[in-house]
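Chemist: Given next are the chains, with one letter for each unit.
Protein chains: 2
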Amino acid sequence: MSENRHGMLIVLSGPSGSGKGTIIKSLLAERDDTVLSVSMTTRAPRPGELDGIHYHFVTREKFEQTIAEDGFLEYAEYNGNYYGTPEAPIRRWLNEGKNVILEIEVQGAEKVMDHRSDLVSIFITIPSVEELERRLRGRGTETDEVIRGRMETARYELTRAFRYQYVVLNDEVDLAIDRINTIIDAESMRYSRMENTILEVLKYVSTQ
Amino acid sequence: MSENRHGMLIVLSGPSGSGKGTIIKSLLAERDDTVLSVSMTTRAPRPGELDGIHYHFVTREKFEQTIAEDGFLEYAEYNGNYYGTPEAPIRRWLNEGKNVILEIEVQGAEKVMDHRSDLVSIFITIPSVEELERRLRGRGTETDEVIRGRMETARYELTRAFRYQYVVLNDEVDLAIDRINTIIDAESMRYSRMENTILEVLKYVSTQ
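Read top to bottom, the protein sequences are chains A and B.
Its first residue numbered 1, the first sequence is counted upward by one per residue in my numbering.
Its first residue numbered 1, the second sequence is counted upward by one per residue in my numbering.
Be aware that one or more of the hints could be misleading.
Heads up, simulated DSS-like pairs for lysine-lysine below, C-alpha to C-alpha not over 30 Å straight-line [to be verified]:
| no. | chain 1 | residue 1 | chain 2 | residue 2 |
| --- | --- | --- | --- | --- |
| 1 | A | Lys98 | A | Lys25 |
| 2 | B | Lys98 | B | Lys62 |
| 3 | A | Lys62 | A | Lys98 |
| 4 | A | Lys62 | A | Lys20 |
| 5 | A | Lys111 | B | Lys203 |
| 6 | B | Lys111 | A | Lys203 |
| 7 | B | Lys25 | B | Lys98 |
| 8 | B | Lys111 | B | Lys20 |
| 9 | B | Lys25 | B | Lys111 |
| 10 | B | Lys62 | B | Lys25 |
| 11 | B | Lys20 | A | Lys203 |
| 12 | A | Lys20 | B | Lys203 |
Derived by calculation from the structure, the hints in this document are not laboratory data.
The whole structure should be built from the sequences, with the hints applied where relevant.
Modeler: Below, the structure is given as structure tokens:
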């Protein structure tokens, strides 16, 4: 209701193959009030990944310099590579009233949740593990060993889903997007985000 | 997703004149997964109010007997009358997987919130106090003094809105109903209500 409403920080995780990427892409196309935080990483780009769009691809040296400057909301080492969330752009977007999606691994997400209470956390899951394996193989870009590793990671991530406020089932992409829209819309009616409306009404009542 | 899902307890409050009654009536007509808890009260029925539908209208003696039997989820004295929420039917509905709406005064709502964490609480507000007064006068059933009293109560209730998880603006009834539906749908994606889905996927992964 308020025009200068603060944006919502949305932490979004899910196993590799859960369809996070597709969901987020459609969500961003639909909502002009929502942007995606671009993580910084030291891992090599996958085929088709672009610097500044999918990740900021940097050297370990550059990454460790940013750590030293306290420039990350969180960072973690994962499969031998650094992944981190630069804080400055997020703060700017939230102040502008934009919702900011953080698409981060469980490890990083938990660090953010430990330090911030003003966020909405969503875990995306798949209906079955067969479906997960099918999706991972369908990519056609990974070896059997990599897929086994991802399945093992997925198992770990599912055991950490309890740390998230919401679980969204991705049985169909359109339904999953609707569900996330529903969560964002409901969260915008949280008392903390509606307080100005209440205070506005109360002001009039008090001056009766 | 689970078929034997437990229902959701929904506490709904708002100033007299906020349109709670109309909203709830439409909501119940739309959702066959949701029922309304009928409160017990010692106050006299208003014109058109039916026993067992709007309230269970009882004597002070009967009410105090139910208190003695520990039969209320909460009860309170309000404007010189008792209002209480009988617990047994609520427990039964929740076990059957029905959502149960408690339409209760702020005083009673806070007692329920103090004792239960497994609920969804929604405060319905109006866009302005002028609108509230217009609605109260529009009823045509109350004296000026009663209306002044209700305005005073409304002011108090608005100062307690912070105890609720959600605030729903009733600027238009249809929009208010959509908003409540959105909240119920989002709340059904809470981790605690999706845990079975996660455990189901995890079971398969673990047996790979």
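Chemist: Look at each hint and say if it fits the structure.
Modeler: Hints versus structure:
no. : hint                : result
1   : A:Lys98 / A:Lys25   : holds (16 Å)
2   : B:Lys98 / B:Lys62   : holds (28 Å)
3   : A:Lys62 / A:Lys98   : holds (28 Å)
4   : A:Lys62 / A:Lys20   : holds (27 Å)
5   : A:Lys111 / B:Lys203 : holds (27 Å)
6   : B:Lys111 / A:Lys203 : holds (27 Å)
7   : B:Lys25 / B:Lys98   : holds (16 Å)
8   : B:Lys111 / B:Lys20  : holds (20 Å)
9   : B:Lys25 / B:Lys111  : holds (25 Å)
10  : B:Lys62 / B:Lys25   : holds (28 Å)
11  : B:Lys20 / A:Lys203  : holds (22 Å)
12  : A:Lys20 / B:Lys203  : holds (22 Å)
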